[in-house]
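*Asks:* Residue numbers (our numbering), protein chains in the order written: chain A, 1 to 359; chain B, 1001 to 1130.
Calculated from the structure, these hints are not laboratory results. Keep in mind that a hint or two might mislead.
To be verified - Below 27 Å or equal to it, Euclidean Cα-Cα: the simulated DSS-like pairs (lysine-lysine) are:
| # | chain 1 | residue 1 | chain 2 | residue 2 |
| --- | --- | --- | --- | --- |
| 1 | B | Lys-1030 | A | Lys-178 |
| 2 | A | Lys-274 | A | Lys-181 |
| 3 | B | Lys-1105 | A | Lys-51 |
| 4 | B | Lys-1030 | A | Lys-159 |
| 5 | A | Lys-170 | B | Lys-1012 |
| 6 | B | Lys-1044 | A | Lys-159 |
| 7 | B | Lys-1107 | A | Lys-51 |
| 8 | A | Lys-85 | B | Lys-1054 |
| 9 | A | Lys-283 | A | Lys-237 |
| 10 | B | Lys-1054 | A | Lys-316 |
| 11 | A | Lys-178 | B | Lys-1017 |
| 12 | A | Lys-308 | B | Lys-1054 |
| 13 | B | Lys-1017 | A | Lys-181 |
| 14 | A | Lys-47 | B | Lys-1054 |
| 15 | B | Lys-1008 | A | Lys-181 |
| 16 | B | Lys-1017 | A | Lys-170 |
| 17 | B | Lys-1089 | A | Lys-159 |
| 18 | B | Lys-1105 | B | Lys-1054 |
| 19 | B | Lys-1008 | A | Lys-178 |
| 20 | A | Lys-283 | B | Lys-1089 |
| 21 | B | Lys-1032 | A | Lys-274 |
| 22 | B | Lys-1032 | A | Lys-283 |
| 23 | A | Lys-170 | B | Lys-1030 |
| 24 | A | Lys-51 | B | Lys-1054 |
| 25 | B | Lys-1012 | A | Lys-178 |
| 26 | A | Lys-198 | B | Lys-1008 |
| 27 | A | Lys-170 | B | Lys-1032 |
| 28 | A | Lys-283 | B | Lys-1054 |
| 29 | A | Lys-51 | B | Lys-1089 |
| 30 | B | Lys-1111 | B | Lys-1089 |
| 31 | B | Lys-1089 | B | Lys-1054 |
| 32 | A | Lys-159 | B | Lys-1054 |
| 33 | A | Lys-181 | B | Lys-1012 |
| 34 | A | Lys-159 | B | Lys-1032 |
| 35 | A | Lys-178 | A | Lys-194 |
Claimed, not checked - Here are a few chain B residues that face chain A, going by a calculated C-beta distance under 10 Å:
| # | residue |
| --- | --- |
| 36 | Lys-1008 |
| 37 | Asn-1013 |
| 38 | Arg-1029 |
| 39 | Phe-1031 |
| 40 | Thr-1034 |
These numbers come from a predicted model, not from an experiment. For glycine and all other residues, C-beta sits at the position ideal for the given N, C-alpha and C.
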Amino acid sequence: MQKRIVIPFGPQHPVLPEPIHLDLVLEDERVVDAIPSIGYLHRGLEKLVDKREFPEYVYVIERTCGICSFIHGLSYCQAVEEMMKIEVPERALFLRTIGSEYSRLHSHLLTLGCLADGMGFENLFMGFWRVRERVLNRMEESLGGRVIQGTCKVGGVRKDMDGEMLERMKAELDVLDKEMKEMTGVLLRDDAVKYRMKGIGVLPKKDAFELGAVGPTGRGSGVRIDLRERGYAAYGKIGFEPVLETAGDCYARTAVRCRELLLSTRIIRQCIGKIPDGPIETKVTGNPNGEYASRVEQPRGEAVHYAKGDGGRYLKRFRIRTPTFANIPSLVHMLKGYELADVPVIIMSIDPCISCTER
Amino acid sequence: MSLFRMAKTALKNLASKPATQMYPAKPARKFKSTRGRVENDMDKCILCGLCQRKCPCVAIRVDRDERTWEIDRFRCVTCGCCVEVCPVKSLRMENDYTKSTTEPKMKDSYKSTNPNIPGLKPAPQKKAKA
Ligand code: SF4
Ligand code: SF4
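Here chain B stands alone, though its shape is the one from the complex (with noise of 0.2 Å):
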């Protein structure tokens, strides 16, 4: 009898659709809360460096003289503490994960596009000269 109970639902497995989907030709399934990825809009970031220190990862390096700010994708662990913490809002998470990647490392590093960014001379003569 035993037997039977499984097999009435081997059947049913059997006849339905794949539980499992072709990642990546299939997008994956996400909700509106799914942590992704981190991205950051370098018009309103102000290099506080908040984020950097409380990355619970040491993900993240801010570099004020080189105006960039920089994140490892393989040391992230999406954990959406920065976004929290970060005083401009110009974090946010996106839904959709970072690509795969064969490289060995994987950071991006984004320049500053904000021109007044406070404790800092304005961005575009320093460009200019350099």
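Chain A extracted, bound-state conformation (with noise of 0.2 Å):
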């Protein structure tokens, strides 16, 4: 048997932008075993439910996680809203629905930035960034914050969208089109980052299904796991096709996210084009009472919300289950047998969100 090492990768890692410890067992230089141990960036935000009055509480749900905060906001007013039997106003629906995928296009934009940094691509990261931008100014105007947006609250959302700036964001999706297909036209045809990418981390699709991926890494693999196609929100009323690939790799879960930036730029569009007139928000009267477990598809991946209320103001017990933390085991999976100048890209292409993980 060949000498065994073990070389400890992470916390600190030059492509990871967050803190994830994986010892990685090596013979030679191919991975054999993969212990990963999550854990530094704990905050105990579920825990602060019990301090904060269940109205206030969407602040510190929407602080989990910095890229996509709009969609917990979404899923706790939703477990909230189903706890006290609110009916949430159409247009609020929809305009929920335009806020989700805005993240998402924000969201797929920069972890493609920085699967590109991770490669050492220096140009398209920055490529990438700049198109982001975009969606983050326009995310800054309409919903009033670059990452953090406070919009969703308990009832219905807290700002609308003016006839005249929905147009101005509709014909800007023409622009971010062109702008995406470019960037990731760059990504997708280069033959340096196709070598870096096909055939890597495979995770057939009999494994992605038994070890639970979800989002792009399961969709990587051809397992239809698309929580939108539940018709939460307004996506009932929105008609599209996830997007599926089917070789497993970490060029596969790639191209499911490049394809799902044009699959945004396409819901964004019917939504504006069907979003009806009407208030914004519903008064919300009582208290929660009971239990309810919110499941919403955010970038990464499907998020599990589970709330549970007694009548009072505070919430009893507020729990996050994360697409990362949902994935971990697939990418454990995935690295074995592959060698250590590989993970980085393994890695990089469940794209890890820790601190949402960790809450």
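Make the complex out of the two chains shown on their own, each in a separate frame, by following the hints.
*Replies:* Have a look at this one:
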């Protein structure tokens, strides 16, 4: 038997935007096992639920993650609304959908940029982030914040978008589409990029399903798992097909994200076309009583928010299962059998978001 | 062939002007809905303390005896919760950010200038004695 060595990877590593630690067991240059450990960023946000009243807790829950904050807020509001049997106005649901898709755009552009950076393709990294800036500006203008929007509230949304702004957003989507196609074209067609990603970190469909892969990680392996198909918010009134790839390697996962960018702009266009007039919030009276698990599709996959109330101003229990947490078993499985030099690319290909994993 | 795809983009970037700007020499870009910093109109504030109770980060301290309203700029995350709950609408969200500082603490304290605060003695006489 060959001699085995253990190489610690992270929590500080140039490709990692956030701290995750992996103990890589190597035989020569080949990874035979990986032992992940998380917990460097635990902030106890779930515990804070019994210190903040439920309408204010949405500000805390949005700050779970610095990327998919909008959808965390949406999911929490959805859980509380279900418990309190609140009927959310149609217009608010559409605005929430637009906000979610803008978040997805910004998240995917960010991660594709980071992936390019992880491979040493600095120029492309800057290119993706330049496009992302456009999305962030639009979010700041319409929702009030670049990354933390604070738009969702229990019973509706805080900010309305007027017709003129929606028109402007729609016009800008065409520019966005063009710029994104240019950037993703470079990423997906570049020989060096293909060499680094094709056939690396393969996760077959069966394994992906059994290990519970979610989001682009699962869809890259051909598992049709997209919570948007369940039709929460206004997704039920929007026609779309989830993006699927079948190869299951790093390249397929990246391709899923690239194609989802264009899917997101398509969904936003449909929303702008179909958005009805009307109020954007309903008055909330009473306190939540009961329990509910709300499931939403985040840029990285399915997130589950569990909330339990007992009729008081404070919720009794709140818990989040984030998509990266669900993807870590798949990540460990993917790493086995590949070279040490491939590890950064494989890790980046699941788009890890550690701060929300550790809440 | 793929090399030239990026070359085209790179050349275009080389010719265009920078995407970043020199802050603070040039002011940051802002919109009407940008949440920059919280300001209080002390003529209107009735020191009810609702903002202090609702703030998710415990950034505000209201002292009715001292008649002061204090905000810790480093604790505040500009969520806008206090602005929403203020019963007399004395709080407002400005679009520009607080100036950067090298101080380890940054608390802004304001003295109330509202003469008629419900439940408190009128201010001027008390001031004159003190
Ligand atoms: S700012 Fe508004 S909420 Fe805060 S103490 Fe003054 S009146 Fe009350
Ligand atoms: S903006 Fe939010 S964090 Fe800042 S003082 Fe107001 S409630 Fe507190």
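*Asks:* Taking the hints in turn, state whether each one holds.
*Replies:* Right, here's what the structure says about each hint:
Between Lys-1030(B) and Lys-178(A), the direct Cα distance comes to roughly 25 Å. Compliance with the 27 Å bound is thereby established for this hinted pair. A threshold of 27 Å between alpha carbons decides the hint, and for Lys-274(A) with Lys-181(A) the separation of about 25 Å falls inside it, so the pair holds. A hinted pair counts as satisfied when its Cα atoms are at most 27 Å apart, and Lys-1105(B) with Lys-51(A) qualifies at roughly 25 Å. Proposed proximity of Lys-1030(B) and Lys-159(A) is supported: the alpha carbons are some 17 Å apart, at most 27 Å.
For a cut-off of 27 Å, the pair hint linking Lys-170(A) to Lys-1012(B) stands: about 25 Å separates their Cα positions. About 25 Å separates the Cα atoms of Lys-1044(B) and Lys-159(A), which keeps this hinted pair within 27 Å; it holds. Taken as a hint, the Lys-1107(B) and Lys-51(A) pair is honoured in the structure, with Cα atoms around 24 Å apart against an allowance of 27 Å. As the CA atoms of Lys-85(A) and Lys-1054(B) are separated by approximately 24 Å, the hinted pair is consistent with the 27 Å bound.
Under the criterion of a C-alpha separation no larger than 27 Å, the hint pairing Lys-283(A) with Lys-237(A) is consistent with the structure, at around 24 Å. With a C-alpha separation of about 18 Å, the suggested pair Lys-1054(B) and Lys-316(A) falls inside the 27 Å cut-off, and the hint holds. Proximity of Lys-178(A) to Lys-1017(B) is assessed by CA-CA distance (about 19 Å); at most 27 Å being required, the pair is judged to hold. Under the criterion of a C-alpha separation no larger than 27 Å, the hint pairing Lys-308(A) with Lys-1054(B) is consistent with the structure, at around 21 Å.
For the given pair, Lys-1017(B) sits about 22 Å from Lys-181(A) by alpha-carbon distance, which is consistent with the 27 Å threshold. Proposed proximity of Lys-47(A) and Lys-1054(B) is supported: the alpha carbons are some 17 Å apart, at most 27 Å. Proximity of Lys-1008(B) to Lys-181(A) is assessed by CA-CA distance (about 14 Å); at most 27 Å being required, the pair is judged to hold. For the proposed pair Lys-1017(B) and Lys-170(A), the alpha carbon gap of about 25 Å is at most 27 Å, so the pair holds.
The hinted pair formed by Lys-1089(B) and Lys-159(A) meets the criterion: a straight-line CA distance of about 18 Å does not exceed 27 Å. Annotation: proposed proximity of Lys-1105(B) to Lys-1054(B) holds, straight-line Cα distance about 22 Å (limit 27 Å). For the hint pairing Lys-1008(B) with Lys-178(A), the CA-to-CA distance comes to about 15 Å; that is within 27 Å, so the pair holds. At most 27 Å may separate the alpha-carbon atoms for a hinted pair to count; Lys-283(A) and Lys-1089(B) meet this at roughly 19 Å.
A C-alpha spacing of about 26 Å is found between Lys-1032(B) and Lys-274(A), which places the hinted pair at or below 27 Å, so the restraint holds. Between the alpha carbons of Lys-1032(B) and Lys-283(A) the distance comes to roughly 26 Å, so the proposed pair stays at or under 27 Å and holds. About 21 Å separates the Cα atoms of Lys-170(A) and Lys-1030(B), which keeps this hinted pair within 27 Å; it holds. Of the supplied pair hints, the one linking Lys-51(A) and Lys-1054(B) holds, its CA atoms being roughly 11 Å apart against a limit of 27 Å.
Under the criterion of a C-alpha separation no larger than 27 Å, the hint pairing Lys-1012(B) with Lys-178(A) is consistent with the structure, at around 15 Å. The hinted pair formed by Lys-198(A) and Lys-1008(B) meets the criterion: a straight-line CA distance of about 25 Å does not exceed 27 Å. Restraint check: the Cα-Cα separation between Lys-170(A) and Lys-1032(B) comes to about 20 Å, which is no more than 27 Å; the hinted pair holds. Restraint check: the Cα-Cα separation between Lys-283(A) and Lys-1054(B) comes to about 18 Å, which is no more than 27 Å; the hinted pair holds.
The straight-line distance between the Cα atoms of Lys-51(A) and Lys-1089(B) is roughly 25 Å, inside the 27 Å bound, and the hint therefore holds. A C-alpha spacing of about 17 Å is found between Lys-1111(B) and Lys-1089(B), which places the hinted pair at or below 27 Å, so the restraint holds. With a CA separation close to 15 Å, the supplied pair Lys-1089(B) and Lys-1054(B) stays within the 27 Å bound. Between the alpha carbons of Lys-159(A) and Lys-1054(B) the distance comes to roughly 20 Å, so the proposed pair stays at or under 27 Å and holds.
Using a Cα cut-off of 27 Å, the hinted pair Lys-181(A) and Lys-1012(B) holds, with the two alpha carbons roughly 16 Å apart. Using a Cα cut-off of 27 Å, the hinted pair Lys-159(A) and Lys-1032(B) holds, with the two alpha carbons roughly 12 Å apart. With a C-alpha separation of about 22 Å, the suggested pair Lys-178(A) and Lys-194(A) falls inside the 27 Å cut-off, and the hint holds. With 10 Å as the threshold, the beta carbon of Lys-1008(B) comes within range of chain A, its nearest partner Cβ sitting at about 9 Å, so the hint holds.
Hint on Asn-1013(B) holds. Least Cβ distance to chain A is approximately 7 Å, under the 10 Å limit. Using the Cβ-Cβ criterion of 10 Å, the hint placing Arg-1029(B) at the interface with chain A is satisfied: the shortest such distance is roughly 7 Å. Interface restraint check for Phe-1031(B): the shortest CB-CB distance to chain A comes to about 4 Å, inside 10 Å, so the restraint holds. Look at Thr-1034(B): its Cβ gets to within about 6 Å of chain A, closer than 10 Å, so that hint holds up.
Of the hints listed earlier, there is not a single one the structure fails to meet.
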